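S.K.: Sequence lines, in order, name chains X and Y.
According to our numbering, the first sequence is numbered sequentially starting from 77.
According to our numbering, the second sequence is numbered sequentially starting from 2.
No lab work stands behind these hints, which were simulated from the structure alone.
These numbers come from a predicted model, not from an experiment.
Virtual Cβ for every residue (Gly too), placed ideally from N, Cα, C.
Watch out, some of these pointers could steer you wrong.
Sample of chain Y residues facing chain X (criterion: CB under 10 Å; computed from the structure) [claimed, not checked]:
#1 260
#2 264
#3 269
#4 351
#5 358
#6 367
So the chains spell out like this:
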Amino acid sequence: MASILSARDIRKTYGSTVALDGVSLEIEAGESLALMGPSGSGKTTLLHLLAGILTPDSGEVSWNEHGAWQRVDQMKEARRSQLRRESFGFVFQQGLLIPELTALENVALALMIDGVSRPQSEQRARQKLAALGLEGLEDRRIGQLSGGQAQRVAIARAQVADAEIVFADEPTGALDSHTSEEVMTALLGATTGQGRSLVLVTHDETVAARCSRLLRMRDGRIVQQTRSIPEHPGITYTEARS
Amino acid sequence: MTLRVAWLLARAGTGSRAAAVLPIVAFAVVTALLLAVAGGAQAFWSWRDQTAGVYQVLSAIALALLVVPLLALGGSAARLSARRRDDRLSTLRLLGATPATVARLTVLESTALALAGAVVGVIGYFALVPAVALIPFRAEALGIPALVLAPWAIATAVAGVAAVAAVSALIGLRQVVISPLGVRTRQNAPRLRWVRVVVGAGVIALALALTNIVQIDVGITVIAIVLGCLFGGTLAVLNLVGPFVLRLLAGRQARRARTAAQLLGARSVLESPKAAWRQVSGVAMTSFMAVFAGTGVAVLNAISGSEGATASDRALVTDIGTGLTITLVISFLMVACSAGVNQAADVFDRGDLYVNLGYLGMPRRIMDAARERTVMWPLVVVAVGSAAIAAIVVLPLAGYSLIVAPLSLLTIALSIAAGIGLVWVAMRLTRPVLTARLAAAA
Ligand SMILES: Nc1ncnc2c1ncn2[C@@H]1O[C@H](COP(=O)(O)OP(=O)(O)O)[C@@H](O)[C@H]1O
Ligand SMILES: [Mg+2]
């Protein structure tokens with residue numbers, strides 16, 4: 077499989093705290109990657125560096141734009157912001173949808189900020205919501221949705237611009253196990269199900285088990301990698317990394 | 002106990018400096034303006050002749066007008082104060098502090114900020130006095146001695162500002178829930194009824210009828226008093242109808258919005274039309290008054306220019322014009338202060354949301370544009386709308402004055418435009434608050 081995002085030996089410190097201590101990583105098209113590790117181990121920081129929200133103190137982050145590699149860490153904020161709008165999608169723990177907008181408007185907004193007209197944005201948003209089983213809830217405001225529904229709206233928002241990679245930071249962290257399973261199904265369906273990639277931070281082993289690859293982190297490093305073999309689900313091989 | 006915790010809170014970390022400085026500056030401006038106007042009023046109250054009464058009544062009205070934006074500002078400052086302490090207040094709740102203790106803390110803090118601002122405002126007032134002293138009334142500059150207030154009066158004003166801050170903090174806190182999990186703005190679906198519109202239309206019609214009955218030659222004092230009553234009545238109506246009209250217009254805007262900023266702006270007005278109204282209602286009064294009284298002045302000017310008018314009548318008319326301009330300027334300044342503080346509170350309120358919208362790739366430009374729209378759009382609607390209503394109420398007079406004094410109408414329009422510009426500048430000044438919030442997350 078082709079690699080679409082690559083990090084090489086990235087480091088990030090906050091004052092005297094070393095949040096990331098030299099991480100290298102490739103993300104392949106169509107894979108789902110789970111990041112696990114104790115709180116404070118650098119998962120969110122890694123996610124933000126990969127997504128171009130933050131830039132590393134040293135090391136490289138590169139993005140494969142239709143065969144041409146681009147250095148994300150060297151882009152200006154405006155360009156990274158554009159990259160996030162056009163090629164990446166995000167789902168956060170609390171959804172963080174805009175409370176005064178309807179479900180449909182929340183999803184459409186992601187396209188509107190990119191200059192797509194409102195009717196066109198809403199049409200595509202409608203399709204995405206329907207694909208996620210939210211038909212009929214388009215005009216509800218966020219407060220009128222359940223936690224699981226709100227998270228699916230967030231998934232629709234992340235995918236409405238056909239993002240190549242969706243980054244999700246503990247998307248099921250605030251949900252019960254049944255809803256969490258539903259949301260995970262929706263998330264995988266909207267990403268790997270369409271040949272897109274998913275990078276997911278989670279504390280939940282069952283959620284992580286549904287991903288094709290698992291990285292465990294500690295103290296700003298990747299300490300273990302587990303790859304499940306798609307032809308033989310249930311058989312995994314684990315390699316330790318130092 | 003409350004005091005000790007408050008002190009600890011105040012010292013622990015600087016939080017965001019802008020969030021503390023903004024209310025202080027705002028209260029300082031308000032206090033300085035209030036004292037300056039009170040000084041002017043005091044000058045009138047020493048007069049003992051026939052028309053002195055009119056001056057005294059009008060100056061009292063001007064002072065009363067300024068209290069409304071002052072109240073709005075107090076509420077905004079309290080909200081900002083609760084927001085700014087977001088984490089610490091909810092931590093306190095988590096540690097077992099009762100809601101009452103936490104509420105007391107917040108009220109205490111915003112009162113302290115108001116007090117600090119008021120003290121700075123006293124200095125500002127003394128800096129203003131020489132300039133205010135140059136303003137002519139009865140064709141004579143007021144002069145510094147007439148304007149300087151007694152120490153007890155200044156102390157009362159400072160205490161009054163602090164008290165207003167405390168009371169409006171209490172009221173403002175009712176809209177905020179401080180739970181162990183965080184500070185949230187209470188979400189109550191606003192209920193606005195058609196009854197308001199009906200009552201409103203009735204009162205405006207009545208006012209209209211009254212204006213027609215008033216004979217122009219019954220004497221300037223009577224006209225001034227009748228105008229005052231009409232003004233007060235219509236104002237009350239504006240307050241009743243304003244939120245409702247904003248909601249209708251915002252709903253239409255939300256449906257028609259074509260850009261992200263338009264949609265966000267309209268939706269956030271729709272979320273709480275009452276709050277949007279509160280923020281700009283000071284301007285409703287001012288711009289209503291500007292047209293109303295401005296037209297009155299134009300008409301009176303025409304009358305006093307005729308043969309029967311005495312010199313003191315003529316002076317009174319000129320002076321009403323002067324007082325009007327001053328009140329206009331001051332009330333726009335106050336609205337600008339309160340809008341600025343409110344927007345800063347909003348950034349804290351929705352900080353996480355803004356940060357995450359930034360992650361999604363929403364440029365800060367759009368966030369700022371949306372924030373500014375939620376204030377500027379209702380402001381323009383309200384300023385133009387209440388000016389128009391005032392124009393309708395005084396139509397019998399306005400038609401006349403349009404011919405007599407096109408210049409005075411131009412002055413009014415320019416003052417309103419300048420006032421809107423002032424609020425816009427205040428909005429721009431809150432940009433660093435958002436920038437700082439976004440930078441803190443990066
Ligand atoms: N903005 C920041 N300022 C200072 N320290 C931070 C900041 N963000 C993260 N850190 C620190 O970096 C380390 C890694 O944090 P994070 O990536 O959020 O971990 P995780 O998501 O695995 O819990 C932690 O020690 C955290 O305290
Ligand atoms: Mg994290």
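S.K.: What are the numbers of the hints the structure violates, in ascending order?
M.R.: none
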